[in-house]
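So the protein sequences, as listed, match chains C, Z and R.
So the first sequence is numbered by numbering that gives the first Met the number 0: it starts at 0 and just counts up by one.
So the second sequence is numbered by numbering that gives the first Met the number 0: it starts at 0 and just counts up by one.
So the third sequence is numbered by numbering that gives the first Met the number 0: it starts at 0 and just counts up by one.
Any given hint could be a false lead.
Any copy, or any two copies together, can satisfy a pair, since identical chains are not distinguished.
Stated by the list, open to error - Below, simulated SDA-like cross-link-like pairs (lysine to any residue); rule was C-alpha separation at most 20 Å, straight line: (1) Lys-3 - Ala-107; (2) Lys-3 - Ser-73; (3) Lys-3 - Trp-108; (4) Lys-3 - Val-14; (5) Lys-3 - Ser-28; (6) Lys-3 - Arg-102; (7) Lys-3 - Arg-120; (8) Lys-3 - Asp-100; (9) Lys-3 - Leu-103; (10) Lys-3 - Ala-77; (11) Lys-3 - Gly-106; (12) Lys-3 - Glu-78.
Honestly, the hints are just simulated from the structure, not real lab data.
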Amino acid sequence: MVAKLTLRTHARDEVHDLTAELREVVAASGIRQGLCLVYCPHTTAAVVVNEGYDPAVTRDVTDVLNRLIPWQASYRHAEGNTAAHLKAIFCGASQTLAIVDGRLVVGAWQAVQFYEFDGPRQREVQVTLVETTA
Amino acid sequence: MVAKLTLRTHARDEVHDLTAELREVVAASGIRQGLCLVYCPHTTAAVVVNEGYDPAVTRDVTDVLNRLIPWQASYRHAEGNTAAHLKAIFCGASQTLAIVDGRLVVGAWQAVQFYEFDGPRQREVQVTLVETTA
Amino acid sequence: MVAKLTLRTHARDEVHDLTAELREVVAASGIRQGLCLVYCPHTTAAVVVNEGYDPAVTRDVTDVLNRLIPWQASYRHAEGNTAAHLKAIFCGASQTLAIVDGRLVVGAWQAVQFYEFDGPRQREVQVTLVETTA
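Generate the whole structure from the sequences, applying the supplied hints.
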């Protein structure tokens with residue numbers, strides 16, 4: 000089963016929590032056991048699984064990424080968004096999660112998050128569910 | 000098929016090799032062909048696939064992570080473990096491996112490792128096996 | 000279905016685009032819906048999904064990685080390639096992609112890339128396709 004989530008970002012750096020929408024996709028699929036691939040088809044954004052409770056964490060993550068990979072530096076890429084590509088690689092183009100007993104498995108403090116690194120933009124996230132026979 | 004590995008960490012930074020336990024889970028499942036998701040449900044630890052032979056490598060990895068993301072800095076998150084969240088994001092919440100001919104596919108020098116970044120704690124790792132029909 | 004891609008790298012840092020070969024593997028499999036795991040069995044190389052159009056991006060990525068994780072430093076690992084292990088961990092040992100309607104799902108500007116961090120070497124990439132029943 001395949002689903003597409005769409006979102007609009009409003010700043011260069013921004014984090015969206017996808018967890019609730021993903022839970023709905025899994026529930027609607029009727030799949031009891033399997034995997035859920037949450038995939039970012041963009042090259043300057045990422046999908047992350049981490050702390051979803053205290054928003055101070057995502058602001059800290061953004062700050063540290065900007066310190067390690069500054070927006071302005073002697074980059075070759077003419078578009079000027081090399082830093083966003085680097086952050087996307089470090090954070091990951093996708094996350095894979097389990098579906099067990101019909102529910103998405105996410106830790107108590109975890110959220111599945113979309114990290115925008117080159118907004119504002121219109122973005123999408125591709126969700127692919129795979130059912131297992133075992 | 001779903002399995003849970005549990006472990007107890009004893010220091011802030013610690014690495015546990017999960018490879019042998021994962022091989023047992025795969026063998027016990029009887030699955031011949033498919034995928035194995037090794038998932039960390041915590042936000043201050045990670046699952047990594049890398050060198051499992053020389054323990055100096057994991058110590059180097061720990062040192063470099065601590066240099067790039069120091070424990071003490073002007074972080075917003077009140078719990079004081081922002082660095083652990085960052086390291087978890089950089090290293091990854093999960094790893095996906097192949098099952099081929101009933102065996103977990105891991106490179107000759109590779110191990111599947113649990114990286115603790117905010118121990119000591121009681122931790123768990125969720126393993127999900129998916130069998131393919133093709 | 001399982002396939003193996005082989006490649007020869009010629010420099011310490013090098014990037015190979017695997018996308019066309021992967022599309023062929025998926026087409027040849029006949030799988031209509033599922034997942035494709037692109038796995039690096041080596042500990043000093045990685046598989047990345049990012050910008051595949053402007054080669055300046057991969058050169059920038061290489062430069063930033065070398066700035067953050069210098070080849071020479073006070074590392075413990077006697078082989079002298081600690082930096083390559085670190086880069087492999089940060090970039091990821093594998094990438095998982097979707098197969099939808101018989102085609103590999105890759106974003107418009109994305110490529111699936113093999114990053115060599117300790118070449119020149121003979122390398123391989125293991126591809127595992129999983130078909131879903133849902």
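Checked hints:
1. Proximity of Lys-3 and Ala-107 under a CA criterion of 20 Å is satisfied inter-copy only: 15 Å between copies versus 25 Å inside one chain copy.
2. Taking the shortest alpha-carbon separations for Lys-3 and Ser-73, neither the intra-copy value of 36 Å nor the inter-copy value of 38 Å comes in at or below 20 Å.
3. With identical chains, the CA atoms of Lys-3 and Trp-108 are at most 20 Å apart between copies only, with a shortest distance of 18 Å across copies and 25 Å within one.
4. When the C-alpha separation of Lys-3 and Val-14 is checked against a cutoff of 20 Å, the pair qualifies only within one copy, where the shortest distance is 18 Å, while the shortest distance between copies is 30 Å.
5. Taking the closest pair of Cα atoms, Lys-3 and Ser-28 come within 20 Å of each other only inside a single copy of the chain (13 Å); across copies the shortest separation is 25 Å, beyond that limit.
6. In this assembly of identical chains, Lys-3 and Arg-102 lie within 20 Å of each other by CA distance both inside one copy and across copies; the values are 18 Å within and 16 Å between.
7. Taking identical chains as interchangeable, the C-alpha atoms of Lys-3 and Arg-120 lie at most 20 Å apart only when both belong to the same chain, with a minimum of 16 Å there against 37 Å between chains.
8. With identical chains, the CA atoms of Lys-3 and Asp-100 are at most 20 Å apart between copies only, with a shortest distance of 15 Å across copies and 23 Å within one.
9. For the homomeric pair Lys-3 and Leu-103, the shortest alpha-carbon distances inside one copy (17 Å) and between copies (16 Å) are both at most 20 Å.
10. For the homomeric pair Lys-3 and Ala-77, neither the shortest alpha-carbon distance inside one copy (31 Å) nor that between copies (35 Å) is at most 20 Å.
11. For the homomeric pair Lys-3 and Gly-106, the shortest alpha-carbon distance between copies (13 Å) is at most 20 Å, but the shortest distance inside one copy (23 Å) is not.
12. With identical chains, the CA atoms of Lys-3 and Glu-78 are never at most 20 Å apart, being 27 Å at best within one copy and 35 Å at best between copies.
Hint compliance for this structure: hints 2, 10, 12 are not met, and every other hint is.
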